Amino acid sequence: MERLDEHERFTRLLIQHEPDLLRCVLVVVPNRSDARDIMQECSVALWRRFASYDAERPFVGWALGFVRIEIRRFLRRSSQRARLTERAAELLLQDRQTHAVELGARQHHLKPCIERLNKDHRALLRAYYYEERSIAELSAISSRSVDAVYKLLQRIRQKLHECMELRVRQNAAEGGGT
Amino acid sequence: MTGQDWEALIHRYLDGKANRQEIAQLSRELESDGEMRLNYLRMANIHGALATIEEFDESRSASETRMLELVSQFEQYKPSPQKRRFQYALSAVTFLLLVIGVWTTWIFWPSSIVTITSIEGIVQWMGDGGKVIKDLKVGQSLTGGIIEARSRDSFLEFRFRDGSMLSASEGAVLTVTVTDQAQKSLRLRSGVLSAEVEKQATNRPMILITPSARFEILGTRFDVVTTEEHSKLSVQEGLVQAIRLSDGKSVQIGANQSTIVDIQSQSELVARRSDQSVSVWQADLEKDRKAGEGLFESPLHILRRQIRNALGRGELNRDQIPEVYGARIRAAMGKEDVVRAQPKSIRRGRLGDVVQMVTLNIRPDKPNPVVIADGSLFRVQGKVLVPTEIRIGFGAFGTSRPNADRFMTSRDVDGGFDLQIPVREFQNRRKPGGGTSAIGMEIFTWFCLTSDPGAELAISHVKLMPEIRVTIENNGYIQDMNTEPSRQ
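From first to last, the protein sequence lines are chains A and B. For the first sequence, my numbering assigns the number 1 to the initial residue and increments by one for each residue that follows. For the second sequence, my numbering assigns the number 1001 to the initial residue and increments by one for each residue that follows.
These are calculated hints, taken from the structure and not from any lab test. Please note that the accuracy of each hint is not assured.
Listed next, the in silico DSBU-like pairs over lysine-lysine satisfying Cα-Cα at most 30 Å (straight line) [said to hold, decoys possible]:
| hint | chain 1 | residue 1 | chain 2 | residue 2 |
| --- | --- | --- | --- | --- |
| 1 | B | 1137 | B | 1287 |
| 2 | B | 1131 | A | 151 |
| 3 | B | 1017 | A | 159 |
| 4 | B | 1287 | B | 1249 |
| 5 | A | 111 | A | 151 |
| 6 | B | 1199 | B | 1249 |
| 7 | B | 1131 | A | 111 |
| 8 | B | 1366 | A | 119 |
| 9 | B | 1366 | B | 1335 |
| 10 | B | 1383 | B | 1335 |
| 11 | B | 1017 | A | 119 |
| 12 | B | 1199 | B | 1287 |
| 13 | A | 119 | B | 1131 |
| 14 | B | 1366 | B | 1249 |
| 15 | A | 151 | B | 1366 |
| 16 | A | 159 | A | 111 |
| 17 | A | 119 | A | 159 |
| 18 | B | 1249 | A | 151 |
| 19 | B | 1463 | B | 1287 |
| 20 | B | 1335 | B | 1463 |
| 21 | B | 1017 | A | 111 |
| 22 | A | 159 | B | 1383 |
These numbers were taken from a predicted model, which means no experiment stands behind them.
Isolated chain A, as found in the complex:
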């Protein structure tokens, strides 16, 4: 019974924080399928060590250690594929924690910036990220070349980046928070 409760507590925590952890993986391993595989390995490792988790401390902080290990393992395993170096990955993860407040604050501007995109651009983001359609599929549907779809996606993300940058600056000028 105790084990069952533990399992339920673990499941709740994992479900609650999995998007945060997955976002962390995606920073270094942007391929969504690879990132999910890493999270899968990580979930198993977390469950195995859950008995050592101190409930007084934040779950994400504890889990990020495991995420780092699994990312490192993945990078080693897939060294034949084109990947960031382990050192670059490690530095990125460290900086992500150092700049957590700034990066977190920027995230609040994502939704309003998406809303400012035109309908076609929002539809493309939705199809690629939310419906997880492949670029080839989007290329076939939109009659654009695969390269053109990639470039459009990159332009849209750049637009979002610039919009978020602007809003952060405006906020700072107004002396506001997020």
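Got chain A; can you put chain B on it based on the hints?
Relative to the frame of chain A, chain B by itself:
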């Protein structure tokens, strides 16, 4: 490189488009420049946030939404008498615009590229622009788009303008396009594609891409069966160039030859003659295991690595190896190599969302296809720490007709086990109790799984062998050498 160049490179990396050299360059820059890292993190965070977004306000595609808006405006429109004169003028202008519109559409609308010649079951076509047609009919012309055979027995045959005939079946998801230069380009995500292709221009071969391979076809008769990681090409006439997507290795497949392209494999691609099959296979645990679905553990290998490291550090020389490591080498030689099951998430699995799994791939670089013979059996040895049910299965491609299926059976095991399971006992996973028999099919993958992580499933031997019908009498029991004892 300018700041913009770096930003473009970051985007390319995030989309999986950057090449090895570019990623090495990006890594160096990230390692040395903190500002660059922050910039990277800002952009990668957008990618991460979009990839994990749980709700998108945009509930329909843009074109669909625009269409609905137009329909809604039309329905709300009620003309008043005062505006009638103005409306006549407007109608005239509208008519003119309509004529221009129709003419423009006639010129620029994507023309049909294939005609349906036969159809069975539920097949859906999603054309350019996202238009979906569910009630397809023989004789119907279609533009480029995606064919989806919605069920296993669905089938769609179509003809290109040059007379090339193709058919998609077995749950095929196929994207068909023809470039401005009249080059046919197909993408088969899953299922079966059978084709009889007319002679194509040598500089514009028909291209077929699957998740693991690219095939270049100039004029031939062939079948391709594809799963997520394997594609089997069987050529009946002509020649097809097969190229593995992961590393660009290629081979030419001629008449009555076949090849299996495994995205995970790094070995050479080989052309095998379909009539030179064998029905015996023994797993090489280290080489055959699938990455991420089986952890190879060899006491001897571990020791060998330790010795190599010690030699590298100069802690001992070769002459000292027997003295220092002799006893441990002897002990390790007595222990078996094993492949330990690893967790794998599965969709809609009856055993839950995560299973512990070992997968061994039958290496496709062997010169002879391994075909399941009637009376064959699998010998499987391994161990579990606690009593548990294990499921054992294999994936196989058809040899007499293009198809792919998975077959499975189960056993309760406890501690060390040595199982001998006749292939006729394996059930078709899609149609338990019926469906295609595995006899005569070419095996390409073998797997064993349990839902219990506490079982710590490990496999030490897997062999496909012919059934040996030798019986011995043993205290009133007739024991078949290959099966469990039965009371006479």
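Structure-based check of all given hints:
{"no.": "1", "hint": "1137(B) with 1287(B)", "in the structure": "violated, 49 Å"}
{"no.": "2", "hint": "1131(B) with 151(A)", "in the structure": "holds, 24 Å"}
{"no.": "3", "hint": "1017(B) with 159(A)", "in the structure": "holds, 19 Å"}
{"no.": "4", "hint": "1287(B) with 1249(B)", "in the structure": "holds, 19 Å"}
{"no.": "5", "hint": "111(A) with 151(A)", "in the structure": "holds, 22 Å"}
{"no.": "6", "hint": "1199(B) with 1249(B)", "in the structure": "holds, 25 Å"}
{"no.": "7", "hint": "1131(B) with 111(A)", "in the structure": "holds, 29 Å"}
{"no.": "8", "hint": "1366(B) with 119(A)", "in the structure": "violated, 53 Å"}
{"no.": "9", "hint": "1366(B) with 1335(B)", "in the structure": "holds, 28 Å"}
{"no.": "10", "hint": "1383(B) with 1335(B)", "in the structure": "holds, 13 Å"}
{"no.": "11", "hint": "1017(B) with 119(A)", "in the structure": "holds, 26 Å"}
{"no.": "12", "hint": "1199(B) with 1287(B)", "in the structure": "violated, 40 Å"}
{"no.": "13", "hint": "119(A) with 1131(B)", "in the structure": "holds, 18 Å"}
{"no.": "14", "hint": "1366(B) with 1249(B)", "in the structure": "holds, 16 Å"}
{"no.": "15", "hint": "151(A) with 1366(B)", "in the structure": "violated, 42 Å"}
{"no.": "16", "hint": "159(A) with 111(A)", "in the structure": "holds, 13 Å"}
{"no.": "17", "hint": "119(A) with 159(A)", "in the structure": "holds, 14 Å"}
{"no.": "18", "hint": "1249(B) with 151(A)", "in the structure": "holds, 28 Å"}
{"no.": "19", "hint": "1463(B) with 1287(B)", "in the structure": "holds, 15 Å"}
{"no.": "20", "hint": "1335(B) with 1463(B)", "in the structure": "holds, 19 Å"}
{"no.": "21", "hint": "1017(B) with 111(A)", "in the structure": "holds, 26 Å"}
{"no.": "22", "hint": "159(A) with 1383(B)", "in the structure": "violated, 56 Å"}
In the structure shown, a violation is registered for the earlier hints numbered 1, 8, 12, 15, 22, in ascending order.
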